[in-house]
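Protein chains: 2
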Amino acid sequence: MIKIGLDAMGGDFAPETAVQGALLALEEFSDIEIYLYGQEEKILECMPKSHDRLKIVHCSDAFPMDVKEPAQAVRSQKDASMVRACQDAKTGDIDAVVSAGATGALIAAGTLIVRRLKEVDRPALAPVMPTIKKGKYTILCDAGATSEGKPQYLYQNAKIASIYAKEVLGVKSPKIGLLNIGTEESKGGELQQEAFKLISADASLDFVGNIESKSMISGEVDIIVADGYAGNIAMKAVEGAASSIFKLLKQELMGSLLGKIGAVFASGVFKSIKGHMDASSVGGAILLGINAPVIKAHGSSDSRAMMNAIRQARETVKQDVTGKIKTALQSKNT
Amino acid sequence: MIKIGLDAMGGDFAPETAVQGALLALEEFSDIEIYLYGQEEKILECMPKSHDRLKIVHCSDAFPMDVKEPAQAVRSQKDASMVRACQDAKTGDIDAVVSAGATGALIAAGTLIVRRLKEVDRPALAPVMPTIKKGKYTILCDAGATSEGKPQYLYQNAKIASIYAKEVLGVKSPKIGLLNIGTEESKGGELQQEAFKLISADASLDFVGNIESKSMISGEVDIIVADGYAGNIAMKAVEGAASSIFKLLKQELMGSLLGKIGAVFASGVFKSIKGHMDASSVGGAILLGINAPVIKAHGSSDSRAMMNAIRQARETVKQDVTGKIKTALQSKNT
Numbered sequence: 052m053i054k055i056g057l058d059a060m061g062g063d064f065a066p067e068t069a070v071q072g073a074l075l076a077l078e079e080f081s082d083i084e085i086y087l088y089g090q091e092e093k094i095l096e097c098m099p100k101s102h103d104r105l106k107i108v109h110c111s112d113a114f115p116m117d118v119k120e121p122a123q124a125v126r127s128q129k130d131a132s133m134v135r136a137c138q139d140a141k142t143g144d145i146d147a148v149v150s151a152g153a154t155g156a157l158i159a160a161g162t163l164i165v166r167r168l169k170e171v172d173r174p175a176l177a178p179v180m181p182t183i184k185k186g187k188y189t190i191l192c193d194a195g196a197t198s199e200g201k202p203q204y205l206y207q208n209a210k211i212a213s214i215y216a217k218e219v220l221g222v223k224s225p226k227i228g229l230l231n232i233g234t235e236e237s238k239g240g241e242l243q244q245e246a247f248k249l250i251s252a253d254a255s256l257d258f259v260g261n262i263e264s265k266s267m268i269s270g271e272v273d274i275i276v277a278d279g280y281a282g283n284i285a286m287k288a289v290e291g292a293a294s295s296i297f298k299l300l301k302q303e304l305m306g307s308l309l310g311k312i313g314a315v316f317a318s319g320v321f322k323s324i325k326g327h328m329d330a331s332s333v334g335g336a337i338l339l340g341i342n343a344p345v346i347k348a349h350g351s352s353d354s355r356a357m358m359n360a361i362r363q364a365r366e367t368v369k370q371d372v373t374g375k376i377k378t379a380l381q382s383k384n385t
Numbered sequence: 052m053i054k055i056g057l058d059a060m061g062g063d064f065a066p067e068t069a070v071q072g073a074l075l076a077l078e079e080f081s082d083i084e085i086y087l088y089g090q091e092e093k094i095l096e097c098m099p100k101s102h103d104r105l106k107i108v109h110c111s112d113a114f115p116m117d118v119k120e121p122a123q124a125v126r127s128q129k130d131a132s133m134v135r136a137c138q139d140a141k142t143g144d145i146d147a148v149v150s151a152g153a154t155g156a157l158i159a160a161g162t163l164i165v166r167r168l169k170e171v172d173r174p175a176l177a178p179v180m181p182t183i184k185k186g187k188y189t190i191l192c193d194a195g196a197t198s199e200g201k202p203q204y205l206y207q208n209a210k211i212a213s214i215y216a217k218e219v220l221g222v223k224s225p226k227i228g229l230l231n232i233g234t235e236e237s238k239g240g241e242l243q244q245e246a247f248k249l250i251s252a253d254a255s256l257d258f259v260g261n262i263e264s265k266s267m268i269s270g271e272v273d274i275i276v277a278d279g280y281a282g283n284i285a286m287k288a289v290e291g292a293a294s295s296i297f298k299l300l301k302q303e304l305m306g307s308l309l310g311k312i313g314a315v316f317a318s319g320v321f322k323s324i325k326g327h328m329d330a331s332s333v334g335g336a337i338l339l340g341i342n343a344p345v346i347k348a349h350g351s352s353d354s355r356a357m358m359n360a361i362r363q364a365r366e367t368v369k370q371d372v373t374g375k376i377k378t379a380l381q382s383k384n385t
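Residue numbers (this note's numbering), protein chains in the order written: chain A, 52 to 385; chain B, 52 to 385.
Just so you know, the hints here were simulated from the structure itself, not pulled from any lab data. Honestly, I wouldn't trust all of these hints.
Which copy? The list can't say, so a pair holds if one copy fits it or any two copies do.
Derived lysine-lysine pairs resembling DSSO-like cross-links, with alpha carbons at most 27 Å apart [claimed, not checked]:
id, residue 1, residue 2
1, Lys-226, Lys-119
2, Lys-93, Lys-106
3, Lys-265, Lys-106
4, Lys-93, Lys-238
5, Lys-265, Lys-322
6, Lys-375, Lys-141
7, Lys-201, Lys-311
8, Lys-325, Lys-265
9, Lys-298, Lys-226
10, Lys-248, Lys-265
11, Lys-325, Lys-298
12, Lys-217, Lys-54
13, Lys-311, Lys-369
14, Lys-129, Lys-375
15, Lys-238, Lys-119
16, Lys-223, Lys-129
17, Lys-311, Lys-298
18, Lys-238, Lys-248
Make the full structure from the sequences, and use the hints.
So, in structure tokens, the structure goes:
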């Protein structure tokens, strides 16, 4: 049995979507057990039925979505659902953690409690981004777990994201691009230039060179390697631009009669685009380089998105991604 | 007379759009003279008529749009049109330079030839970005002129962009945001935290705090201050996402009959969105902090976009933005 800990109190619709997502996942997979961390009473209120592979781990506390000073919160709120789940992942009582709670808090809990593998210098947050190519996803690594950038960290990001892409997304030979301000090898500062050398020197990696942020969702590569600062800036810029454009489009279409008529005819197309740009169908962002998989589902996840994040956790455990990362990085400087 | 130097050989449709843009601008403004830098024969081929305030400065050389090693090209190709225009701006023979040529080369020419003001530590490239609010623009400063980040540079970017927004865009009290990975004051590394302190300590600036890259085109602020590396990543991510999304939209609409019908009805809306997301209506990106205004028009500029960049150059000279930047930064550490 694969034991998955679910932070029932994280996310905009907690605990309802977590509970429903758990029930969906239990139906789908017979080899998992789910542990719901959170306030028992609230969980029971929205649980339509019990399940023999579903257990509640009562926690008196929970983080709000806009938790300030996440590291301090993680250290001081010992009975918060997210903290308890991470503690149990650290001891091995559960195999993975899924949470739709505050990203900063989850990164802090993963880093401070689950703790990084000794083979890895810094953990990295790796979201799976949709692209405009149907069925094609790009992993961004790191999207903001480590804001300090060093060439060696970027090289490790390339290695661990490559393992993840192979084992969980089933990409045979993942193409890797290095986020930079231009495509030529000489672009960027020392960080990017040195990382370029380290990554290209590793024959086990399929490195295609530098990639600009304008290609974030064009589907050209399977992995975009970045330091957490630039990765975070690029990811949020894409998310914000997409959301701004769709908002504008909706507003303009609804603002004119012809636009409204056009929108009715094109509604199938809009729905299809929305569906295929929806990252939650492949799960959430995984925090890599720590002792157990910790997965961040989107804050606005519905039950299906929670189910997909649980599926992703199961797959990551089944494929022993953590073990494979340890092995691959044992000789750090090869 | 305001003397504007136009690199006739820069841009995807050179020299035609430059020549036509110059003629449009001369009709519109009676107080400018335009100097066309480029190969005389080619310029004359696409010049329908002469104009008494239009002069050709013959240059035997020109940079391609994909110039490699821009700094070296600027140093060695002394008779390239862009280099010659920048030289004349340095000596004061002309008041400003407009080019739709390679961005990297123009930044190098502006920095190495026109040279930075002694009052400014580093030049900054400041594009005017469209936002989803009609008629509202946001200046990004720096979008990639200086990739090394220091708090003092970011503070100066805030000051010079503020002057530019007031004098050229007519924004009375420009709201300034600092690009960061979160909105709290404590976010980011030392660079962002120290820059935050410097900018907030200056009472002459309307600083609203940190802003995330998801707000690049939301129209919340008039100015986004960034180091050139993060600014470049954010800008290109937005451009790439917008272009990817519109490409996907077009492809999906054209892929189904209902979509095609919808697109016909909504064509006015799509055109209106395209128009209002088009930055070229307010001109190009200005390189600030050097001895004369140097303006980068988009490579794909048509004659109207070139005209708008010339208008922007004229306004920048008329308002003496360079002089005002010198004065404002004379006591650097206030």
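For Lys-375 and Lys-141, with the copy left unspecified, which applies at a CA distance of at most 27 Å: within, between, both, or neither? within (18 Å within a copy, 59 Å between copies)
As a check of your reading, is Lys-265 near Lys-322 (CA-CA no more than 27 Å) within one copy, between copies, both or neither? Both, since 24 Å and 23 Å are each at most 27 Å.
Identical-chain pair category, Lys-265 with Lys-106, by Cα at 27 Å: This pair counts as neither: shortest intra-copy Cα distance 45 Å, inter-copy 38 Å.
For the identical chains here, do Lys-129 and Lys-375 meet the 27 Å Cα criterion within one copy, between copies, both, or neither? This pair counts as neither: shortest intra-copy Cα distance 31 Å, inter-copy 56 Å.
When no copy is specified for Lys-238 and Lys-119, does a C-alpha distance of 27 Å or less occur within a copy, between copies, both, or neither? Classified as between; 11 Å across copies, 36 Å inside a copy.
Within, between, both or neither, where Lys-93 and Lys-238 count as close if Cα-Cα is 27 Å or less: neither (53 Å within a copy, 33 Å between copies)
Between copies, within a copy, both or neither: which fits Lys-325 and Lys-298 at Cα up to 27 Å? both (13 Å within a copy, 14 Å between copies)
Evaluate Lys-298 and Lys-226 at a C-alpha cut-off of 27 Å and name the case that applies: within, between, both or neither. between (33 Å within a copy, 23 Å between copies)
Pop the pair Lys-201 and Lys-311 into one bin, within, between, both or neither, using alpha-carbon distances up to 27 Å. neither (51 Å within a copy, 49 Å between copies)
Treating 27 Å as the Cα threshold, decide for Lys-325 and Lys-265: within, between, both or neither. Answer is both; intra-copy 20 Å and inter-copy 18 Å each pass.
How do Lys-311 and Lys-298 come out at 27 Å by Cα distance, when the copy is not named: within, between, both, or neither? Answer is both; intra-copy 15 Å and inter-copy 21 Å each pass.
At most 27 Å between C-alpha atoms: does Lys-311 with Lys-369 qualify within a copy, between copies, both, or neither? neither (48 Å within a copy, 45 Å between copies)
Of the numbered hints stated above, those contradicted by the structure are hints 3, 4, 7, 13, 14 and 16, listed in ascending order.
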